[in-house]
Every structure is written in structure tokens, then in C-alpha cells.
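Peer 1: Read off the chains here:
Number of protein chains: 2
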Amino acid sequence: MTDQKSFQDYYPEVLSHCYGCGRANEHGHRIKTFWEGEESVTHFTPEPYHIAMPGFVYGGLIASLIDCHSTGTAAAAMYRSEGREMGTEPSYRFVTGSLHVNYLRPTPIGVPLEIRGEVKEIKGKKVVITSSLSANGEVCATGEVVAVQMPDTMMS
Amino acid sequence: MTDQKSFQDYYPEVLSHCYGCGRANEHGHRIKTFWEGEESVTHFTPEPYHIAMPGFVYGGLIASLIDCHSTGTAAAAMYRSEGREMGTEPSYRFVTGSLHVNYLRPTPIGVPLEIRGEVKEIKGKKVVITSSLSANGEVCATGEVVAVQMPDTMMS
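Residue numbers (the working numbering), protein chains in the order written: chain A, 1 to 156; chain B, 1 to 156.
Isolated chain A (complex conformation) (with noise of 0.2 Å):
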């Protein structure tokens, strides 16, 4: 695993500056997401004080971590479905259309969390992932991201 590049990873140098994903940002969370098979997986530890009360993460977290997972494996998706190598010409960059996250049960602090996506449509422009987000083998919340490619303005 940890020979392998993340989707991140493959990410042009302007476009990893991301609080949640960017490899360039020292203050940031730097999430790295992997295939595993058909879904996308990444793993992350949160800090002892990213809580929402002692003992349990705090939602804004869990909606960062869902959300660029989601963007992330957006733009692995599309490169797989045109058959090409992540890093090659044209580069994908997602952002974020719509965000949906469905809290199940209180996220315990102090594991590791896994985010699992799966790639719900491809359609044009726009991906749809569904994720979950488990805790000692609990699924906690549940996600649905409507990635869309990022447009020119952002870039300017």
C-alpha cells in the first residue's frame, strides 16, 4: 500500500493546495485515497481535538474527509473510465456541486477512520460517489457527493 501512489498524489502541483486533500498544504489534513478493487478507500486519524464533545468526532470532519474523498475518487473515476493512467493529459480536478451527509451514530475520537466511495453515475461532467465512514468496523455516517469538474474560473 504504501509504495502506491494516491489519487492526490497524481494531482498538477496548482491544484494540491486543498485544506482537506492538498499534499502542499502543511496545515491541512492531506488525505490520500487508493482503489481497492471498484471502491475508493482512504484512511485517516483525526486529531484528539477535532471532537464535537470528549470522546467523539466532530461533523465538520467527517463532511471534510467525505467530501474530498469524493472529489478525489471523482477524477480516479474518470480517468478509469477512459482507460487512462492517472497523471496523463488532460488532468481531472473535481470540486464539490452538492454535499449530503447522514450522521448514523456518534464517531468514536482516537481510531482510525475508513472512508469507503463508490462511483453511483458518471455524466458528463458531473460524478456521483456514495461513501461510508467507519469507526472499529461501524459504519458512523454516510455520504453522497455530486462532484463536477472544476471550471476555468477557478484556475484563473
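These are calculated hints, taken from the structure and not from any lab test. Predicted model, so just to flag it, every value in this text is computed and none were measured. Worth double-checking, as some hints may not be accurate.
[Said to hold, decoys possible] Between beta-carbon pairs, the in silico distance windows are:
#	chain 1	residue 1	chain 2	residue 2	range
1	B	K5	A	V14	39 to 45 Å
2	A	V14	B	S81	46 to 52 Å
3	B	P54	A	G87	19 to 25 Å
4	A	R80	B	R80	48 to 54 Å
5	A	E118	B	R84	32 to 38 Å
6	B	T45	A	K120	32 to 38 Å
7	B	G55	A	G55	33 to 39 Å
8	A	Q4	B	G83	57 to 63 Å
9	A	E118	B	K120	27 to 33 Å
10	A	E38	B	E36	44 to 50 Å
11	A	E85	B	K120	42 to 48 Å
12	B	D9	A	R105	24 to 30 Å
Note that CB positions come from ideal geometry on N, CA and C, so glycine has one too.
Chain B: place on chain A using the hints.
Peer 2: Positioned in the frame of chain A, the structure of chain B alone reads:
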């Protein structure tokens, strides 16, 4: 405005550790929400590193702000619906059942963001809050949160 206590200032100390809105979390965002008539309002200026890419706020922060703004508004709305002052017993504290965010346009970094919320529905232990997030007077995202009264299991 500055003399006024925010919703979050009324949370009991044990419930004031949230990374998004807890006044006792020194690492967190410590948002503060107030009534303005029927609407609730939070102002927050992101840090320079809270970016999706240079120039724009990252979506996870937007989701976090909408989330904590909404659970705070839910608590305040419950007190108000009962004609009680915040801080009186029994105290109300809400967690997020579900969170939905629509990202309408890129949110510029470097300016204060304004989140405005409205109470859509109060039903039993559930409060639905709709909100909009603006920068420079332009709405960049909208949200809907189903907030539910915190289960006792989170307090143990």
C-alpha cells in the same frame, strides 16, 4: 453586538469543546451565532490556509460552518419556541442528523463570510435549519441541516 452573548456562550462547559463552535476548544473555529429577528447570523473569516485552491475557501470548512451554525440555531430555536431564555434548565444541545450543502459558486478567501439561518421546522426532538453562506454580499452556498437533540449516550 459585541456585548451580546452568542448561542454558543450559553452551552454548558462540558458541551463547549466542539472544534467548530466550542469556546473551550483552543484549536477550533469558535463560531458565534446570534439572532437578528427571525434569522440567526454567524460571521467567520477563514484562515489563509483554509483553501480549496489559491483564492477560494475549501468546501469542508463551508460545510463545518453551516453545520455548527445550524445546531446552534436549533438549540436557540427550541428555547425560543418555549418562551425560555437560553441558559435556563433543562438545557438544549443539538447534534447533526443530516447535512446537505449546495455549492453555488466558488467562495473567495480573505473576506468575512456571513451565514444566515432560518428555522424551517420544529418537530419533537428534531429541528430543521436552512441557511445561506455569503461572501461580499453574494450567496456562495446554501445548506439544510436536520438537527436532533443530543442523545444521552454522548454524554456518558
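Peer 1: Among the hints numbered above, which are violated by the structure, and what are their numbers in rising order?
Peer 2: Failing hint: just 5.
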